[in-house]
Amino acid sequence: MIIADIIVDGAPDSADNKLWGQYSFVALPRPGERIEVPHDGFMERLMIESVQHRPVPHPLPANQSLLRREAQALVFARWSNGA
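Residue numbers (my numbering): 70 to 152.
There may be inaccurate statements among the hints.
[Stated by the list, open to error] No farther apart than 16 Å at their CA atoms in a straight line, the calculated lysine to aspartate or glutamate pairs in the EDC-like style are these:
1) 87 <-> 118
2) 87 <-> 109
3) 87 <-> 74
4) 87 <-> 113
Treat the hints as calculated values from the structure; they're not laboratory data.
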């Protein structure tokens, strides 16, 4: 499993254009793919625009700080319900 933050843009309500939180993925989605995400009690359809990720070395070097120990991924998506 890969945990990634989803950041949404293009929602009808501008208050929903924000970080929606962390979601688990079997694999990182690719730009152009559509995903359905539970948000505020609804299943919302999103179009992936880009994915930014930062891997970390394995094994982790002994001098690595506690901050940034885990790989991170950001999924940027456009709200596309009805599209």
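- [ ] Could you tell me which of the hints above the structure violates, numbers in ascending order?
- [x] none
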